[in-house]
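Use the sequences and the hints to build the structure in full.
For the sequence shown, position 242 (counting from the first letter as 1) is numbered 242 according to the working numbering, and the numbering increases by one without interruption.
Simulated from the structure, these hints should not be mistaken for lab results.
Beta carbons are placed, not taken as given, at the ideal position from N, Cα and C, and that holds for glycine.
Check each hint, because a few of them may be wrong.
Listed below are the simulated BS3-like cross-link pairs for lysine-lysine, each with C-alpha atoms no more than 27 Å apart in a straight line [said to hold, decoys possible]:
no.	residue 1	residue 2
1	K215	K10
2	K215	K257
3	K3	K244
4	K257	K241
5	K10	K232
6	K26	K187
7	K315	K244
8	K245	K319
9	K182	K3
10	K10	K182
11	K315	K2
12	K232	K134
13	K187	K104
14	K104	K315
15	K3	K48
Each pair of labels, with its calculated beta carbon distance range [what the hints assert, rightly or not]:
no.	residue 1	residue 2	range
16	D284	P137	17 to 27 Å
17	N63	K244	43 to 53 Å
18	A217	Q25	37 to 47 Å
19	N27	S289	34 to 44 Å
20	E214	P51	45 to 55 Å
21	I304	E161	36 to 46 Å
22	P233	N63	22 to 32 Å
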Amino acid sequence: MKKYTYTEKKDTRSGFGAGLLEAGQKNPEVVALCADLVGSLKMDAFIKEFPERFFQIGIAEANMIGIAAGLTIGGKIPFTGTFANFSTGRVYDQIRQSVAYSNKNVKICASHAGLTLGEDGATHQILEDIGLMKMLPGMTVINTCDYNQTKAATIAIAEFEGPVYLRFGRPVIPVFTDPDQKFEIGKAWMVNEGTDVTIVATGHMVWKAIEAGEKLAEMGIDAEIINIHTIKPLDEEAILKSIKKTGCVVTAEEHNKFGGLGESVARLLSTELPSPQEFVAVNDSFGESGTPDQLMTKYGLDTINIIEAVQKVMKRANK
Numbered sequence: 001m002k003k004y005t006y007t008e009k010k011d012t013r014s015g016f017g018a019g020l021l022e023a024g025q026k027n028p029e030v031v032a033l034c035a036d037l038v039g040s041l042k043m044d045a046f047i048k049e050f051p052e053r054f055f056q057i058g059i060a061e062a063n064m065i066g067i068a069a070g071l072t073i074g075g076k077i078p079f080t081g082t083f084a085n086f087s088t089g090r091v092y093d094q095i096r097q098s099v100a101y102s103n104k105n106v107k108i109c110a111s112h113a114g115l116t117l118g119e120d121g122a123t124h125q126i127l128e129d130i131g132l133m134k135m136l137p138g139m140t141v142i143n144t145c146d147y148n149q150t151k152a153a154t155i156a157i158a159e160f161e162g163p164v165y166l167r168f169g170r171p172v173i174p175v176f177t178d179p180d181q182k183f184e185i186g187k188a189w190m191v192n193e194g195t196d197v198t199i200v201a202t203g204h205m206v207w208k209a210i211e212a213g214e215k216l217a218e219m220g221i222d223a224e225i226i227n228i229h230t231i232k233p234l235d236e237e238a239i240l241k242s243i244k245k246t247g248c249v250v251t252a253e254e255h256n257k258f259g260g261l262g263e264s265v266a267r268l269l270s271t272e273l274p275s276p277q278e279f280v281a282v283n284d285s286f287g288e289s290g291t292p293d294q295l296m297t298k299y300g301l302d303t304i305n306i307i308e309a310v311q312k313v314m315k316r317a318n319k
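Have a look at this one:
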């Protein structure tokens, strides 16, 4: 198992803030809109440097999406910012009609996704957003794993033509990817090559997969770990190549098991390479108030859950 270390922990939303500033410095057409959550979205540095390119919309998310769509007509590249729940569920009609259907170059940037929003509870913890967004024709869906990858993704989507949903989070987590990485939309990142089982993870679950991989190695199990930061378009070639070698797969995500990464992988396998698969995801449930660690443990999104899923899927694969 390849060894990954870290010297600090940072929240992925701060990676977005740093990436937004750099994207704005590179391209004067980049503008930002926020629904009264500037501090939570870490937009302060962008606002300080480019006050004329920032629009505070207030608690009016539907208007924010409509304004962003309109700004693209004049050649602007709008980044909208609010919590994932309000970025998707609250404004789904506006995104569908004004952004996706019209193929507008809007970057929908969503913080506080999943259970790790924590104490704010179920009303703010959306676990269906990946499913909502990946079903929209033409929508690119990205879910990053650490500060550096989020920063790189934010810069990359500014240069990408078309609507994008960028999902990130609130808690501080290990920073373990390259600070100078080139983010390739739609290209999986091989975390660790292995032969016994494939673990396909996204977002905060990538570090959990690395932790699981280290413990599995101690048990004599050689896990191949793949970071799927782009859920749509899915890197089907990388996933199929890996599972042809290992014969089985575990998918891990901080999302409902319905509609997320796991279902995308299952669809791919059902048509191309039927194989045993186990899901590490929230089991058709809303969240609740609690610390991020408490919630990840209670809802089965911890390192031990990945290990147990690996043991189960390998047994099904007669390994």
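Here's how the hints hold up against the structure:
Restraint check: the Cα-Cα separation between K215 and K10 comes to about 24 Å, which is no more than 27 Å; the hinted pair holds. Our distance criterion of 27 Å between C-alpha atoms is met by K215 and K257, whose separation comes to about 24 Å. For the suggested pair K3 and K244, the alpha carbons sit about 25 Å apart, so the restraint of at most 27 Å is met. Taking the CA atoms of K257 and K241, the gap is about 23 Å. The hint holds against a cut of 27 Å.
Note on K10 and K232: the hinted pairing holds, with a Cα-Cα distance of about 25 Å set against a maximum of 27 Å. Using a Cα cut-off of 27 Å, the hinted pair K26 and K187 holds, with the two alpha carbons roughly 23 Å apart. With a CA separation close to 17 Å, the supplied pair K315 and K244 stays within the 27 Å bound. For the hint pairing K245 with K319, the CA-to-CA distance comes to about 13 Å; that is within 27 Å, so the pair holds.
A distance of roughly 21 Å separates the Cα atoms of K182 and K3; the hinted pair therefore holds under the 27 Å criterion. The straight-line distance between the Cα atoms of K10 and K182 is roughly 19 Å, inside the 27 Å bound, and the hint therefore holds. Restraint check for K315 and K2: satisfied, since their Cα atoms lie roughly 24 Å apart, inside the 27 Å limit. For the hint pairing K232 with K134, the CA-to-CA distance comes to about 6 Å; that is within 27 Å, so the pair holds.
Between K187 and K104 the CA atoms are separated by roughly 23 Å; this keeps the pair inside 27 Å, and the hint holds. Distance restraint check for K104 and K315: the Cα-Cα separation of roughly 47 Å exceeds the 27 Å cut-off, and the hinted pair is therefore not satisfied. Pair hint K3 plus K48 does not hold up; C-alpha atoms about 39 Å apart against a cutoff of 27 Å. A hinted range of 17 to 27 Å for the beta carbons of D284 and P137 is consistent with their spacing of about 26 Å.
Remark: the range hint 43 to 53 Å for N63 to K244 is upheld by a beta-carbon distance near 48 Å. Hint check: A217 to Q25, Cβ distance near 42 Å, so the stated range 37 to 47 Å holds. Taking 34 to 44 Å as the suggested C-beta distance range, the pair N27 and S289 conforms, at roughly 40 Å. For the pair E214 and P51, the supplied restraint of 45 to 55 Å holds, since their beta-carbon distance comes to about 46 Å.
For I304 and E161, the hinted distance range of 36 to 46 Å is satisfied, since their beta carbons lie about 42 Å from each other. Roughly 30 Å separates the CB atoms of P233 and N63, a value that falls within the hinted 22 to 32 Å.
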